[in-house]
Amino acid sequence: MLKARVIPCLDVNEGRVVKGVNFVDLVDAGDPVEQARVYDAAGADELCFLDITASHENRDTIFDVVARTAEQCFMPLTVGGGVRTVEDIRKLLLAGADKVSINTAAVHNPDFVREASEKFGAQCIVVAVDAKRVDAQTGEPSPDGGRFEIFTHGGRKPTGIECISWAEKMADFGAGEILLTSMDRDGTKNGFDLPLTRAVADAVPIPVIASGGVGNLDHLVDGITQGHASAVLAASIFHFGTYSIQEAKAHMLAHGAPVRMDDEIKGPSR
Amino acid sequence: MTVALIDYGSGNLRSAAKAVERVMGALGRPDHVTVTADPDAVAKADRVILPGVGAFGDCRAGIAALNGMAEAIEDAIIARGQPFLGICVGMQLMATVGREFGDHDGFGWLPGEVRALTPRDQSLKIPHMGWNTLSVGDHDHPVLAGLTDGHHAYFVHSYHFLPEDPAHLLAVTDYGGPVTAAVGRDNLVGTQFHPEKSQAVGLKLIENFLNWKP
Chain A
1 MLKARVIPCL
11 DVNEGRVVKG
21 VNFVDLVDAG
31 DPVEQARVYD
41 AAGADELCFL
51 DITASHENRD
61 TIFDVVARTA
71 EQCFMPLTVG
81 GGVRTVEDIR
91 KLLLAGADKV
101 SINTAAVHNP
111 DFVREASEKF
121 GAQCIVVAVD
131 AKRVDAQTGE
141 PSPDGGRFEI
151 FTHGGRKPTG
161 IECISWAEKM
171 ADFGAGEILL
181 TSMDRDGTKN
191 GFDLPLTRAV
201 ADAVPIPVIA
211 SGGVGNLDHL
221 VDGITQGHAS
231 AVLAASIFHF
241 GTYSIQEAKA
251 HMLAHGAPVR
261 MDDEIKGPSR
Chain B
1001 MTVALIDYGS
1011 GNLRSAAKAV
1021 ERVMGALGRP
1031 DHVTVTADPD
1041 AVAKADRVIL
1051 PGVGAFGDCR
1061 AGIAALNGMA
1071 EAIEDAIIAR
1081 GQPFLGICVG
1091 MQLMATVGRE
1101 FGDHDGFGWL
1111 PGEVRALTPR
1121 DQSLKIPHMG
1131 WNTLSVGDHD
1141 HPVLAGLTDG
1151 HHAYFVHSYH
1161 FLPEDPAHLL
1171 AVTDYGGPVT
1181 AAVGRDNLVG
1191 TQFHPEKSQA
1201 VGLKLIENFL
1211 NWKP
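If you're matching them up, the sequences are chains A and B in order. Be aware that the first sequence starts at 1, since it is given in my numbering, and climbs by one per residue. Be aware that the second sequence starts at 1001, since it is given in my numbering, and climbs by one per residue.
It is worth saying that the hints were derived from the structure and are not from the lab. Keep in mind that a hint or two might mislead.
[Stated by the list, open to error] Okay, the calculated beta carbon distance ranges per label pair:
| # | chain 1 | residue 1 | chain 2 | residue 2 | range |
| --- | --- | --- | --- | --- | --- |
| 1 | B | Gly1177 | A | Glu57 | 47 to 55 Å |
| 2 | B | Ala1026 | A | Asp64 | 22 to 30 Å |
| 3 | B | Val1097 | A | Gly146 | 44 to 52 Å |
| 4 | A | Asp60 | B | Glu1021 | 19 to 27 Å |
[Claimed, not checked] Derived SDA-like pairs: lysine to any residue, alpha-carbon spacing no greater than 20 Å straight-line:
| # | chain 1 | residue 1 | chain 2 | residue 2 |
| --- | --- | --- | --- | --- |
| 5 | A | Lys169 | B | Pro1127 |
| 6 | A | Lys119 | B | Gly1009 |
| 7 | A | Lys91 | B | Lys1018 |
| 8 | B | Lys1018 | A | Lys169 |
| 9 | B | Lys1018 | B | Val1035 |
| 10 | A | Lys91 | B | Ala1037 |
[Claimed, not checked] If the Cβ cut is set under 7 Å, some of the chain A residues that face chain B in the computed set are:
| # | residue |
| --- | --- |
| 11 | Arg5 |
| 12 | Asp45 |
| 13 | Ala70 |
| 14 | Pro76 |
| 15 | Val86 |
| 16 | Glu87 |
| 17 | Asp88 |
| 18 | Gly121 |
| 19 | Pro207 |
| 20 | Ser230 |
Cβ coordinates follow ideal geometry from the N, Cα and C atoms, glycine included.
So here's chain A without its partners, still in its complex pose:
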């Protein structure tokens, strides 16, 4: 059967990991490639780099990071952050990314998603959807609000776009996957926004990656079993060494969220 995926996400700024655990055997804990290798060896199902480099001059650093990672990690790699043009996508794929995640550019120009999907195939186009609860009457942000709206700029800028129909539109435009982040939960460690996750996952025909709010291993289980997500993404619980990938997967497996455990393979290539 198809397994739920566990995806660690690394924030990368000018080619360096912003938050990363100092695993004992790392030569350079700030090197995203070293972190990627640890996650690869630990059995992560995919890896995600979020490039948060602000300055335009230093944006090319991500290509080198991706290229060096692709030389050593033989699992799917998604790269997001600042993907705005077909050329951005082409360069990331050529460097060795398997998928790119489009966020703000999709909001500004939905046709960009269609263009990207037609050019590179839906399988490599992830649309990142940052959603926040708003009051259904006033439209003001409210953690108890019953309406989900798309926000940009790290959750600061409202767009007025309703989240569920937006996700459906992105699937229709050729997204292969939705990376759904609750901006209310992001960084809180209180768990995914499960009603949001389930509403989107049940609405779209494509896989949904749940993101934002993971603080413990039950949250990962809930994202799959209650949120109906196909994959769970987490950053801090892995980076700070709170839990290992193997602990996370063993817990998920034991609590009704089937995941891939280690396959015993013998051969010189390992």
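Position chain B against the provided structure of chain A, taking the given hints into account.
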């Protein structure tokens, strides 16, 4: 030994090439892999790998756009019998016909057609994306050596190859019904999953392919 990895503008060739290089290095062999759009390089190659992502028709057109490439591939693997590995859409192109966005001729090396996945369970997502378990049954195909039922491989696709001859079906996975995971005959083999993205399982398959003497 030279392995030609055919570059026709489709997808991420770097990771496929790096996976082959990794295995070659581990095997301690002086082989090299050439990522190439040059039919002459394919004609000289000892092994051919055809990757592919995107739509069937686009991939077929991408190869057709390289003057002499289709002929060079057929000469290498059909006339001269060099080992061939097709990956994902590169595997699907081995079929007679692909039915994605209209009907498109494949290479026709294995009779059969490429059709949309239609899982019985309507709630299953398309594309079929992620790690799924292989069933290799009682096949003892050398390229699948060491892979057993329950091993995971990484899939991402919405269509799959239905070979006419059941003997050409080497491995399946399950996604609301059986889904073709590997096909082959003689010196030809193809995987729907991505060995270059399937960690230890995938590297083992690549190792088997490099050692294969069909």
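Here is what the structure says about each hint:
no.: 1; hint: B:Gly1177 to A:Glu57: 47 to 55 Å; verdict: holds (52 Å)
no.: 2; hint: B:Ala1026 to A:Asp64: 22 to 30 Å; verdict: holds (25 Å)
no.: 3; hint: B:Val1097 to A:Gly146: 44 to 52 Å; verdict: holds (50 Å)
no.: 4; hint: A:Asp60 to B:Glu1021: 19 to 27 Å; verdict: holds (24 Å)
no.: 5; hint: A:Lys169 to B:Pro1127; verdict: holds (16 Å)
no.: 6; hint: A:Lys119 to B:Gly1009; verdict: holds (10 Å)
no.: 7; hint: A:Lys91 to B:Lys1018; verdict: holds (17 Å)
no.: 8; hint: B:Lys1018 to A:Lys169; verdict: violated (36 Å)
no.: 9; hint: B:Lys1018 to B:Val1035; verdict: holds (10 Å)
no.: 10; hint: A:Lys91 to B:Ala1037; verdict: holds (19 Å)
no.: 11; hint: Arg5; verdict: holds (5 Å)
no.: 12; hint: Asp45; verdict: holds (6 Å)
no.: 13; hint: Ala70; verdict: holds (5 Å)
no.: 14; hint: Pro76; verdict: holds (5 Å)
no.: 15; hint: Val86; verdict: violated (13 Å)
no.: 16; hint: Glu87; verdict: violated (15 Å)
no.: 17; hint: Asp88; verdict: violated (15 Å)
no.: 18; hint: Gly121; verdict: holds (4 Å)
no.: 19; hint: Pro207; verdict: holds (5 Å)
no.: 20; hint: Ser230; verdict: holds (6 Å)
The structure fails to meet hints 8, 15, 16, 17 from the earlier list, while all remaining hints are met.
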